[in-house]
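Could you build the full structure based on these sequences and the hints that come with them?
So the chains spell out like this:
2 protein chains.
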Amino acid sequence: MSDTPTPDAPAHPTQALDDTVHQRARLGILAVLHESAKVEFTFLRQALDLTAGNLSRHLQVLEEAGLVTVDKGYEGRRARTWVRITKPGCTAFLAEIAHLKELIRRVDEGG
Amino acid sequence: MSDTPTPDAPAHPTQALDDTVHQRARLGILAVLHESAKVEFTFLRQALDLTAGNLSRHLQVLEEAGLVTVDKGYEGRRARTWVRITKPGCTAFLAEIAHLKELIRRVDEGG
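Sequence lines, in order, name chains E and D.
According to numbering that gives the first Met the number 0, the first sequence is numbered sequentially starting from 0.
According to numbering that gives the first Met the number 0, the second sequence is numbered sequentially starting from 0.
Among the hints, a few may not be true.
[As the list claims (entries may be wrong)] Below, a list of computed lysine-lysine pairs in the DSS-like style, where the Cα atoms sit at most 30 Å apart:
hint: 1; chain 1: E; residue 1: K37; chain 2: E; residue 2: K86
hint: 2; chain 1: D; residue 1: K86; chain 2: D; residue 2: K71
hint: 3; chain 1: D; residue 1: K86; chain 2: E; residue 2: K100
hint: 4; chain 1: D; residue 1: K100; chain 2: D; residue 2: K71
hint: 5; chain 1: D; residue 1: K86; chain 2: D; residue 2: K37
hint: 6; chain 1: E; residue 1: K86; chain 2: E; residue 2: K71
hint: 7; chain 1: D; residue 1: K100; chain 2: D; residue 2: K37
hint: 8; chain 1: E; residue 1: K100; chain 2: E; residue 2: K37
hint: 9; chain 1: D; residue 1: K37; chain 2: E; residue 2: K100
hint: 10; chain 1: E; residue 1: K100; chain 2: D; residue 2: K100
hint: 11; chain 1: E; residue 1: K37; chain 2: D; residue 2: K100
hint: 12; chain 1: E; residue 1: K100; chain 2: E; residue 2: K86
hint: 13; chain 1: E; residue 1: K37; chain 2: E; residue 2: K71
hint: 14; chain 1: E; residue 1: K86; chain 2: D; residue 2: K86
[Claimed, not checked] If you want a taste of the chain E side facing chain D, the calculated C-beta under 8 Å gives, among others:
hint: 15; residue: H11
hint: 16; residue: T13
hint: 17; residue: Q14
hint: 18; residue: L16
hint: 19; residue: R23
hint: 20; residue: L26
hint: 21; residue: G27
hint: 22; residue: V31
hint: 23; residue: H33
hint: 24; residue: I96
hint: 25; residue: L102
Please keep in mind that the hints were generated in silico from the structure rather than gathered at the bench.
Cβ atoms here follow ideal geometry from the backbone N, Cα and C, with glycine treated the same way.
Given below as structure tokens:
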């Protein structure tokens, strides 16, 4: 490892990360939603081991950013809350993944 | 994409992420430190485009977690603050990278 990095190094990959997407629980939410057309609130809560309150707060942040939609409905007589990723949500999630790949590339190449 | 993911899916990779390491600025700090034996505070601040106050707060979190050391000294007559990653810091950072690789693997394989 060099003693001191060159001061004119390009912007670090982590600078391109968006906190709205990068935050651990929200990253998990977007990742699960990216795998499925729609996901039910309870499943999402269990898959990510979040409390209902915590998941609701993160979904609100993502919904306000236009990255997910949250729809309430019924499945038979059972109330259901369905969560979907939006197109901008997919774009933001894949951008995060691309930045993380760049970070990992640098780490694997020894920085 | 399947309609609803299987409820007995294994723990999601994001669940293994450690907020102390995963937080965007701290991840950048550990990544830069991982590339170099030691890094001077001002360079770290510029490389990650952080304010001095912000960087100090994040370094305090990392130092309290035993992931970095912060040493004040002089280079000639100039006061210097040197930041180094510790062994546990390297371990935690590489664990984060491994979990991110698993997340990316799932995304690339379509989840």
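Okay, which hints does this one fail, numbers in order? Per hint list: 4, 14 violated.
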